[in-house]
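Kindly generate the complete structure, drawing on both the sequences and the hints.
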Amino acid sequence: MQKGERRERGGGGGGGKEDQEPASRRVSRASTANRTATTTMQPGSRTSSSSNSLELFVGPNFRVGKKIGCGNFGELRLGKNLYNNEHVAIKLEPIKAKAPQLHLEYRFYRMLDAVGEDVGWQQPWKSRSTK
1 MQKGERRERG GGGGGGKEDQ EPASRRVSRA STANRTATTT MQPGSRTSSS
51 SNSLELFVGP NFRVGKKIGC GNFGELRLGK NLYNNEHVAI KLEPIKAKAP
101 QLHLEYRFYR MLDAVGEDVG WQQPWKSRST K
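Quick note: the sequence shown uses full-length UniProt numbering, first residue 1, plus one each step.
Rather than coming from a laboratory, the hints here were simulated on the basis of the structure. Watch out, some of these pointers could steer you wrong.
[To be verified] Under the rule of at most 30 Å between Cα atoms (straight-line distance), these lysine-lysine pairs were calculated in the DSS-like manner:
| id | residue 1 | residue 2 |
| --- | --- | --- |
| 1 | Lys66 | Lys98 |
| 2 | Lys66 | Lys80 |
| 3 | Lys96 | Lys66 |
| 4 | Lys96 | Lys80 |
[What the hints assert, rightly or not] For each label pair, taking beta carbons as the anchor points, the in silico distance ranges come out as:
| id | residue 1 | residue 2 | range |
| --- | --- | --- | --- |
| 5 | Leu54 | Phe108 | 31 to 37 Å |
| 6 | Met111 | Glu55 | 18 to 24 Å |
| 7 | Val115 | Leu54 | 36 to 42 Å |
| 8 | Lys98 | Pro60 | 18 to 24 Å |
| 9 | Asp113 | Asn81 | 18 to 24 Å |
All values derive from a computational prediction rather than experimental measurement. Heads up, the beta-carbon is just placed ideally off N, CA and C, and yes, glycines get one too.
Below you can see the structure in the form of structure tokens.
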């Protein structure tokens, strides 16, 4: 997966429905180690040889799973890193969104990581020990 990559899909528009296929959405993945990236999903999906259902992939190593939430700016899906079997959250946003937010969210998290522990922001999976 390449960070910060954007690709617009060519061809005729698909109507602006909110329940478009996930292949036409921007993607952000965030794992439990606070790694976040913004990219566009590849137009082609891989098919599983063991079943007739389509499996959606982000880049070469992330499989997109079931929907676990949705909001005003997109939907959240369960994902899995196929190289280390780590579960991740994958945020999907329509490419033709009127107010795209993933690139802003990605920049915000990168700024927080650059500052370090000096900021009053704490990752929910880390605990601070009080002495």
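Hints, one by one, checked against the model:
| no. | hint | verdict |
| --- | --- | --- |
| 1 | Lys66 / Lys98 | holds (25 Å) |
| 2 | Lys66 / Lys80 | holds (11 Å) |
| 3 | Lys96 / Lys66 | holds (22 Å) |
| 4 | Lys96 / Lys80 | holds (26 Å) |
| 5 | Leu54 / Phe108: 31 to 37 Å | holds (33 Å) |
| 6 | Met111 / Glu55: 18 to 24 Å | violated (34 Å) |
| 7 | Val115 / Leu54: 36 to 42 Å | holds (41 Å) |
| 8 | Lys98 / Pro60: 18 to 24 Å | violated (31 Å) |
| 9 | Asp113 / Asn81: 18 to 24 Å | holds (19 Å) |
Comparing the model with each earlier hint shows violations of hints 6, 8; every other hint is respected.
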